[in-house]
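J.: For reference, the chains in residue letters:
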Amino acid sequence: RKEVEQDPGPFNVPEGATVAFNCTYSNSASQSFFWYRQDCRKEPKLLMSVYSSGNEDGRFTAQLNRASQYISLLIRDSKLSDSATYLCVVKPGNTPLVFGKGTRLSVIA
Amino acid sequence: NAGVMQNPRHLVRRRGQEARLRCSPVKGHSHVYWYRQLPEEGLKFMVYLQKENIIDESGMPKERFSAEFPKEGPSILRIQQVVRGDSAAYFCASSPTVAGLNNEQFFGPGTRLTVL
Numbered sequence: 121r122k123e124v125e126q127d128p129g130p131f132n133v134p135e136g137a138t139v140a141f142n143c144t145y146s147n148s149a150s151q152s153f154f155w156y157r158q159d160c161r162k163e164p165k166l167l168m169s170v171y172s173s174g175n176e177d178g179r180f181t182a183q184l185n186r187a188s189q190y191i192s193l194l195i196r197d198s199k200l201s202d203s204a205t206y207l208c209v210v211k212p213g214n215t216p217l218v219f220g221k222g223t224r225l226s227v228i229a
Numbered sequence: 551n552a553g554v555m556q557n558p559r560h561l562v563r564r565r566g567q568e569a570r571l572r573c574s575p576v577k578g579h580s581h582v583y584w585y586r587q588l589p590e591e592g593l594k595f596m597v598y599l600q601k602e603n604i605i606d607e608s609g610m611p612k613e614r615f616s617a618e619f620p621k622e623g624p625s626i627l628r629i630q631q632v633v634r635g636d637s638a639a640y641f642c643a644s645s646p647t648v649a650g651l652n653n654e655q656f657f658g659p660g661t662r663l664t665v666l
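These protein sequence lines are chains U and V, in that order.
For the first sequence, the positions run 121 to 229 when the numbering used here is used.
For the second sequence, the positions run 551 to 666 when the numbering used here is used.
These are computed hints drawn from the structure, not numbers from a lab.
Incorrect hints may have been included.
[As the list claims (entries may be wrong)] One-sided and incomplete, this derived list gives chain U residues near chain V with beta-carbon spacing under 7 Å: (1) Pro130; (2) Pro134; (3) Ala137; (4) Glu163; (5) Leu166; (6) Phe219; (7) Gly222; (8) Arg224.
Where a beta carbon is used, it is the ideal one built from N, C-alpha and C, also for glycine.
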C-alpha cells in the first residue's frame, strides 16, 4: 500500500461546480497534513494545512478523519484559475513530508 | 523578500557527465530539503540538511548522488555520472525550523535536468 494515495485524475468540471478530492494515508503516526497546489511545470505551493476539526479558507474546505486515515479537500464555485494538480501531503512524525502523486483538476468554461 | 532560488532552471547533460544543482533558501532559513519529481509522478523526498549537517538522507540513491549545505553559500545537489533515468525536476525547499506542524516548507522553482 502506498504511503499516500489520492483519487486518480483528471477531474474535468465546469466553472461554478463543486469538486471533492480524497486522500488516504497509511502511517497512523502521521501528525501533520497539508494540501499543496502545483501548476504545470511549476513548484508546489501550500494551499492549506488540515486540522483535526476541519478548516475552511474561502471556497476551500479541508477535512481530516484520523480514525479512517482519510483527508479531503472540497472546492466550491470552481474557477478557471483553480485548474492545477492538487497534492495531498502527510508528515509522519519527525520524518520528511510524504507527497501523494496528485490529482489533476481542469475547470472548463 | 526573495524566496527560494534555484539555478540553473534548466540543465542539459550527456550521460556520464556531472550535474550540480544549487539552492539558496529563503533568507534566515536554516533547513533545506531536496525533492525529485519524475514525469507524471509525485515529489519524492531525497535529503534534509541543516547548515553543514545532513540530517536525513534516507531518500538519496546510494551511489552518484551527494548533497551539502555549507556554512556560507547555497546548498548543492551533485549527481555524478548522470544517466537518462536521472532526468527529472529537482525541487529545493526551505523552512525556518523543522517543517511540519505549523512550519511551512517554501519551494523553489526547480531545476529541470535532461540527460541526453
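J.: Give a verdict on every hint.
T.: Checked hints:
1. Hint on proline 130 of chain U is violated. Least Cβ distance to chain V is approximately 12 Å, over the 7 Å limit.
2. Using the Cβ-Cβ criterion of 7 Å, the hint placing proline 134 of chain U at the interface with chain V is not satisfied: the shortest such distance is roughly 25 Å.
3. For alanine 137 of chain U, the interface hint is violated, since its Cβ never comes within 7 Å of a Cβ in chain V; the closest pair sits about 25 Å apart.
4. Residue-level restraint check for glutamate 163 of chain U holds (minimum Cβ-Cβ distance to chain V is 4 Å; threshold 7 Å).
5. For leucine 166 of chain U, the interface hint holds, the least distance from its beta-carbon to any beta-carbon of chain V being 5 Å, beneath 7 Å.
6. The restraint placing phenylalanine 219 of chain U at the interface with chain V holds, with a minimum CB-CB distance near 4 Å, inside the 7 Å limit.
7. Annotation: glycine 222 of chain U was flagged as interfacial toward chain V, and the flag holds, the nearest CB pair being 6 Å apart, inside 7 Å.
8. The beta carbon of arginine 224 of chain U comes no nearer than 10 Å to any beta carbon in chain V, farther than 7 Å, and the hint placing it at the interface is violated.
In summary, the structure is inconsistent with hints 1, 2, 3 and 8 from the numbered list given earlier, while agreeing with the others.
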